[in-house]
Amino acid sequence: MPGLRSETAVDVRNLYVSYGDYLALENISFSVPHPSVTAIMGPNGAGKTTLVRAILRLIDFDEGEIKVFGLDVRENESEVRNLIGYVPQRERVREHIPVRAKDVVLLAKMVRLGPLSLPTKRDIEEVKSALKSVLLPREAWNKKFSDLSGGQKQKVLIARAIVLKPKLLILDEPFSGVDTVSQREIMGFLSKLKDKGISIIIVTHDINPIVEHIDNILLLNRRKIAFGTPQEVLTKENLSKAYGISVKVIVHGGACYAIIGDRHA
Amino acid sequence: MLEILNNPFIVRAIIAIVLISFVSSAIGSLTIFREQSFLVAGIAHGALAGAALAIFLDYYRILPEMSPIAGATVFSVIMAVTVGFFSSRGSEAHMDVIIGITFSMAMSLAILFVSMIREYAVQAWGLIMGDLLLLTSMDLLFLIIISSITVFLVTLFYREFVLIAFDEEGARALGLKVLLYDYLLLILTALSTVVLLKGVGAILVYVMLIIPAAAANKLAKNASNVMILALLFSLISGFLGLILAIILDLAPSALAGLIATTIYVITLMIKRA
Ligand SMILES: Nc1ncnc2c1ncn2[C@@H]1O[C@H](COP(=O)(O)OP(=O)(O)OP(=O)(O)O)[C@@H](O)[C@H]1O
Ligand SMILES: [Mg+2]
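Protein sequences appear in the order of chains B and V. Here the first sequence is numbered in this note's numbering, starting from 1 and rising by one per residue. Here the second sequence is numbered in this note's numbering, starting from 1 and rising by one per residue.
Keep in mind that the hints were calculated from the coordinates and are not lab data. Please note: incorrect hints may appear among the correct ones.
[What the hints assert, rightly or not] Quick list of in silico lysine to any residue cross-link-like pairs, SDA-like style, CA-CA up to 25 Å:
#1 V:K218 - B:G150
#2 B:K109 - V:M107
#3 B:K144 - V:K221
#4 V:K177 - B:P209
#5 B:K144 - V:Y158
#6 V:K221 - B:K167
#7 B:K167 - B:D123
#8 V:K271 - B:W141
#9 B:K143 - V:E169
#10 V:K177 - B:L118
#11 V:K271 - B:R100
#12 B:K132 - B:M110
#13 V:K177 - B:R90
#14 V:K221 - V:L156
#15 B:K109 - V:V178
#16 B:K109 - V:I228
#17 V:K177 - B:K236
#18 V:K177 - B:L58
#19 B:K128 - V:N222
#20 B:K128 - V:E169
#21 B:K165 - V:E169
#22 B:K192 - B:P209
#23 V:K177 - B:N142
#24 V:K221 - B:D62
#25 V:K177 - B:E79
#26 V:K177 - V:V81
#27 B:K109 - V:V81
#28 B:K121 - V:T155
#29 V:K177 - B:D62
#30 B:K132 - V:N222
#31 V:K218 - B:L58
#32 B:K236 - B:E75
#33 B:K144 - V:N222
#34 V:K221 - B:V93
#35 B:K192 - B:K224
#36 V:K218 - B:H96
#37 V:K177 - B:E91
#38 B:K143 - V:I228
Just chain B, with the same shape it has in the complex (with noise of 0.2 Å):
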């Protein structure tokens, strides 16, 4: 694998991304500096889950650059998705397949090793702790993902990520459907991860119960509104470029705080 030559997790230049004639994403720049926890908000059909589709190569993109540790997304692929953890929105995961927790993990581990391998004790052992590190209760690993919460299952996610030892970690809504309990007690073993060298990059709808643990936002509607520490874009003025005249704005302690329900942009 090439040198990680940046302490840069994602810097992305001058992006462009669109569906058909449909301009989704339109000269997006920014870069999140390593580690770190990232927030990317907007309201729906702001492009957030296309920006980090685009990030993967999930979706090609038009215009532009994105780098993951100073590696060129579109030239070293295999490499950068080696260094990323994902959590899809979990709304994507179809459930009607009997999977075990604790098999959903292993099941990515596997694959990635490839198809003739055996999972060995090794593996399980680091199936074991990443479902420990999310605080998954042991009762819940033998239990089909279809049977668990909204919250548990985010964890089994989260946990299938993070076997792999990625060093950038990225959640697309991982707090829909989840109380406000487990969203803090997920948020608190993330900045965990921050501290191991991770950096996380969180797409989110509501930013209050974990701005704390935010060290950067970027404020997305088809354009970047505004990117900086929560002080800095959390401002009446961008918030209602965001998500129009209707926000209400509280400020608390030197930060705007955005009262944002469930509506369309």
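Fit chain V with the ligands to the given chain B structure using the hints.
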């Protein structure tokens, strides 16, 4: 009772049931996971059309010695690849439409070609109803080859297939070449419908490929158990069907189909209870 094992047709039927069971548990469970059971019905009719066309071409000496199994294989694979090609360029909702159109097309072609070989009523009848008790050694050899390839590849890539079915985007982010696996699975599905077409006939391909796996999916706790249970259900349906068919002098495939659906209904009731 045991002297019936001296009858080579019975022995071939028994071997065919074992092959069908392995193929149907492997492909059936993945089809259930992908929620593409409609696709199997479509490909089965494609296989029927291909087999009927082969008989026709043989009859008019256009392509003499063209065997129905070869025709079925070619047609079903072409159909599977076509579905794959169009669906890879569309959205998921698109897929339903594509399968619907190919299904209708295959069905019409099947009826067209079968009607053209009316003189060969026995052969046409065999394709539709299955001729488990009339298999030749050549048929069996062909079935053994196709089944071995299918079961081997599904076993080898089972984890990849399950992961893609569970969460395609996650699988792609892990670096899997999802498109390649999709085509592989489509082609293997096409090959399995040929195996089942020969054994149980076009009408019952869907039943025997999907129902055992659907029942297993209701009961099993994990993905590999679905495969094992589906195998068990297929074997039970196949052998019970064969025994009853010999005793009652009825079509084995029809009885196997009835037993499989009965098993499915029982699993539904167990799940409700
Ligand atoms: N596969 C696609 N084909 C065409 N248009 C798409 C596709 N995926 C997304 N879009 C469009 O691109 C825009 C951005 O979508 P995206 O999913 O990135 O938004 P998002 O910010 O993640 O929204 P949400 O909060 O609802 O998840 C939307 O207008 C959407 O309709
Ligand atoms: Mg999204």
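Tell me the numbers of any earlier hints that the structure contravenes, in ascending order. 2, 4, 6, 17, 23, 24, 27, 31, 32, 35
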